[in-house]
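Residue numbers (the UniProt record's numbering), protein chains in the order written: chain L, 1 to 258; chain X, 1 to 258.
In short, the hints are calculated from the structure, not lab data. There is no bait here: all hints are sound.
Identical copies look the same in the list; a pair holds intra-copy or inter-copy alike.
Dumping the calculated BS3-like pairs for lysine-lysine here, alpha-carbon to alpha-carbon at most 30 Å:
1) 145 / 45
2) 69 / 45
3) 87 / 45
4) 69 / 199
5) 87 / 69
6) 69 / 145
Number of protein chains: 2
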Amino acid sequence: MNVLIVYAHPEPTSLNGALKDFAMQRLAANGHTVQVSDLYAMGWKPQLDAGDTLEHEAGTPFHPSLDSKRAFAGGWQSPDIAAEQDKLRWADAVVFQFPLWWFSMPAIMKGWVERVYAYGFAYGVGEHSDARWGDRYGEGSMQGKRAMLVVTTGGWDSHYSARGINGPIDDLLFPIQHGVLYYPGFDVLPPFVSYRSSKMDDARFASIRQALGARLDALFDTAPIPYRPQNSGQYEIPALTLRDDIAPGRTGFAAHRE
Amino acid sequence: MNVLIVYAHPEPTSLNGALKDFAMQRLAANGHTVQVSDLYAMGWKPQLDAGDTLEHEAGTPFHPSLDSKRAFAGGWQSPDIAAEQDKLRWADAVVFQFPLWWFSMPAIMKGWVERVYAYGFAYGVGEHSDARWGDRYGEGSMQGKRAMLVVTTGGWDSHYSARGINGPIDDLLFPIQHGVLYYPGFDVLPPFVSYRSSKMDDARFASIRQALGARLDALFDTAPIPYRPQNSGQYEIPALTLRDDIAPGRTGFAAHRE
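Go ahead and model the full structure; you've got the sequences and the hints to work with.
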């Protein structure tokens, strides 16, 4: 199968760099074809702006989504964006690997999402009617592909537990896993999280590598997180609230898991 | 009082641009002194890297937090970072204004956080002991200052409600409000959120402006979100989980509000 690793860390000799190299080798050893988008090494441009649209006329107002729509439809996207979209089309699975900085992905990877996720490609897809609100949340261009986060944190496991001060890791990752990955149709696998990354000795590193290896071996067998598809009848349209008889009384992120 | 607006939108004639201009005028009319960090207009560098540390020796490994610590302590930070830190020191209140892109702040603003929030300035501050785990979550360099998010979304109010498909807006903003703002000590005010930004007519715009004006008029009077201070005795140290007798049985983001 084809696996894309989208990776963000500025230092190749870091823990993240070592885990990325390990993942590449393990996936290749399992017979997969691997491509890596090493965003720092590529000099990826993080900020979405008028320069992303080759035909944008200087001096006219730039509209992030409408310019994206025209550029995607007309073939006028910046070539770096089109190349990443081709990698996504090619991939059967995508691994997003990054250190958790300020409780989210690094800016350079957020900018990858903003620029590569064009209108007509990752959003603004499909019809809007009484029964459907676009192809999203379980449907869309990434349907049939798998995605998994590989994340390191400086904080401890307990700091990210159900009553930990940082908030539960699953909730911190919901805007990414549900909002960035499930939205355009990925099946989202449970994340692989390594805590306390600054206290790493050989034994811990070996144990993390082994656990990551097992997750990569099962990349195409692991059951995805059972988020609720938007157009499955479980949500009112267009309010997009859960129907009263679905998980009655439940609110918040957890309500969107079956 | 001194108010800093940190603002991210690529198009000055956008709704966000108009709201930013309005906020500047309203705050000035109320007698405050206003500075704006217009990140796109400044050409702000989003990605954190070895270039942020003027004394970093080429060819040696770059460590994001340790290099930040040395550069902050030694006065070797990139001047654009030091200038933003001076604005934060100067400010009595900071408004962060941005469109919600993929359920978080734009990459360029995330990169402002990552680069300006140096080790020794916004984290890695204070002693670690049996009773304290650094000056953070209610204590730290920003203690006594106020912060407020001003956010626009394309989606509808109901999509961001308690049972809305995107997740509740308060939970989506928790990684920013609690993780980025409360962490270094800001008092965090309830956010000002404008939904359905692409369906804007004169009447709606006037109503949004009026509501934002009222929030800005009350900037120094509004009660902050009552997050729990880390070193108040409500959390076990070093596990940083809520003590069993505090909000027993409650889990998730909401448990961290008093």
